[in-house]
Amino acid sequence: MGEPMNISKIKSEIAKTSSEEVLNSYLEKINKSKINGYSTVYDEAVEEARDIDKNGHDGILAGVPVAVKDNISTDGIPTTCCSRILEGYTPPYDAHVVERLKSEGAIVIGKTNMDEFAMGTSTETSCYGPTLNPWDTGKVPGGSSGGSAAVIASDEAPVSLGSDTGGSVRCPASYCGVVGLKPTYGTVSRYGLISYANSLEQIGPLANNVSDVAIMMDVIGGHDTRDSTSVSQKTNYQNTLKDDVNGLKIGIPEEYFGEGIDPEVEESVWNAINKFEDMGATWEKVSMPNTSYALSAYYIIAMSEASSNLARFDGTQYGYRADGDNWHVMASRTRAEGFGTEVQRRILLGTYALSAGYYDKYYLKALKVRTLVKQDFENALSNVDVLMTPTMPTTAFKLGEKIKDPLSLYLADVNTVPVNLAGVPSISVPCGFSDGLPIGLQIIGKHFNESTILQAAYSFEQNTDYNAGRPGEVE
Amino acid sequence: MITKEDVEHVGWLARIEIDENDADEYASQLNDVLNHFEQLDEVDTENVPPTYHVIDLVNVFREDVARESLTQDKALENTSSSKEGYFKSYRII
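From first to last, the protein sequence lines are chains A and B. Using this note's numbering, read the first sequence as starting at 139 and increasing by one per residue. Using this note's numbering, read the second sequence as starting at 77 and increasing by one per residue.
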């Protein structure tokens, strides 16, 4: 097992050698890698590294390579959502988060593999083929930001960005043994993020440790007028990194430890909670009675929003275009040939849920249930500071195991989707292993209270060693 | 219960051409998922308002002043078909 990399180590490497040398060692490693974590490797990044070496840069990420999920727009680097329909598409502008990274001197080393249009839990629906879990290449890395998590675990990038619509940062962080944060809705601008379900999703960082996640949040967080849901709330995330949970009140929602949970996952999470108690925190059980309805409500809302958001991919302005006698035939064929089956399924279900006669039964009903789920969080978090649950009910499953049965895949998201319905922040941190596969602890906080969950996660990390090692190189 | 014909109709609404050989499988998978969604029927949502947004948002206004945006060339960079500075599409009717 290798030592995990972090931003401060990278910066001292750069000081000793150069940005170019550090970048090249990463590029070499990526070229030899068998895990398929990248959809595009940006070799031209070497020019930017040389420029930083020559002219210097005082940014907090000067010369640090960053991997960016393939649904986040990067000027001049293909951005495809790992879908055939965006084959050959190269954005003419940067997403807000990419602008922020660049202004701090970060170097985008490549785009990471993902489930097509971020719709999945396993990174198996990518048009570039699946990403493999670096801890066991017969297992999935989780999804949909599977590439962003796997490249951290296999040290093919020190930090990365993912997006989280229903768990897509936290699930792969859990399965790959890294740290991943889904910020409060509105904290990070979605300008330049290719929308899947825009009322649910946020961009979030993944890294080997909590400090690097805080550094990344200091870079990408903050108000942006180009996203109308972006809020003007500015936290200094690195200030929250204190090893102190004395008096922290933890809520344990029993509903998150229900049917289907792996006993070893349950045991690891309870060990973590007991560890927090040893460190000075207290815990109590809380009830969130609408949890079991969150999954259905989430999928109805996500699919409905997807059917609208993905209407723009019609072969006219960019991407793949099929032939046809008129626009309707051309667009219908473009979308049939360009979208994979899971994306088509979700668009069809979303279209159905929004169609005349079914709107009240599905979409409106789901929005009302969303209110109840949100109230569960408000009630629970009115008595405690944070909630703790397993991020995923199990460790990483086998490649190919669930992909043929869409519903079984959806059910794996049971502990992550309620968080997106409520819009609260949540972090996944490593808290153990089962058969050599990492287990993740989910820490959920109140709206805009990232500081409390980061401090809890940081304290846990300082007092345990679950992320001290990394899988061996996958040859 | 979604039938093969329903799948083809929804496919038309969504502008996705459904291959006749795939329609049965789609119908069966869609039914599985919709059956699962039926569980929401047991939730009492009388007098519960819908949640469209999770945080308090207000309309964002700005002065109506022209700003720099993508140039025409940049905007057309990714299309497979353009003419005289416009996207060239297929006839719609």
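Be aware that a few hints might be false.
What the hints assert, rightly or not - Pairs of lysine-lysine residues, derived as DSS-like cross-links and limited to a Cα-Cα distance of at most 25 Å, are as follows: (1) A/K499 to A/K387; (2) A/K387 to A/K536; (3) A/K240 to B/K150; (4) A/K423 to A/K542; (5) A/K542 to B/K80; (6) A/K499 to B/K150; (7) A/K499 to A/K149.
Stated by the list, open to error - The following residues of chain B were derived to be distant from chain A, with all beta-carbon distances above 10 Å: (8) E81; (9) D82; (10) H129; (11) I131; (12) A142; (13) K159; (14) E160.
In case anyone wonders, no lab produced these hints; they're calculated from the structure. Please read these numbers as outputs of a predicted model, since none were measured by experiment. Cβ coordinates follow ideal geometry from the N, Cα and C atoms, glycine included.
A quick look at each hint next to the structure:
Proposed proximity of A/K499 and A/K387 is contradicted: the alpha carbons are some 39 Å apart, above 25 Å. Between A/K387 and A/K536 the CA atoms are separated by roughly 37 Å; this puts the pair beyond 25 Å, and the hint is violated. The suggested pairing of A/K240 with B/K150 holds, with an alpha-carbon distance near 21 Å, which does not exceed 25 Å. The hinted pair formed by A/K423 and A/K542 fails the criterion: a straight-line CA distance of about 37 Å is larger than 25 Å.
Restraint check for A/K542 and B/K80: the C-alpha separation of about 19 Å stays at or below 25 Å, so the hint holds. For the given pair, A/K499 sits about 44 Å from B/K150 by alpha-carbon distance, which is inconsistent with the 25 Å threshold. A hinted pair counts as satisfied when its Cα atoms are at most 25 Å apart, and A/K499 with A/K149 does not qualify at roughly 55 Å. Its beta-carbon lying about 13 Å from the closest one in chain A, B/E81 satisfies the requirement of being farther than 10 Å from that chain.
With a cut of 10 Å on Cβ distances, B/D82 falls inside the contact zone with chain A, its closest approach being about 8 Å. Consistency note on B/H129: stated as away from chain A, yet its beta-carbon is not over 10 Å from all of that chain's, at 6 Å minimum. For B/I131, the shortest C-beta to C-beta distance to chain A comes to about 5 Å, within the 10 Å cut-off, and the non-interface label is violated. Every C-beta of chain A lies more than 10 Å from that of B/A142, the closest at about 15 Å, which supports listing it as non-interface.
Interface exclusion of B/K159 from chain A stands, the closest Cβ pair being 13 Å apart, more than 10 Å. Against chain A, the non-interface label of B/E160 holds: every CB pair exceeds 10 Å, the least being about 16 Å.
Figure legend: structure checked against the earlier numbered hints; hints not met, in rising order: 1, 2, 4, 6, 7, 9, 10, 11.
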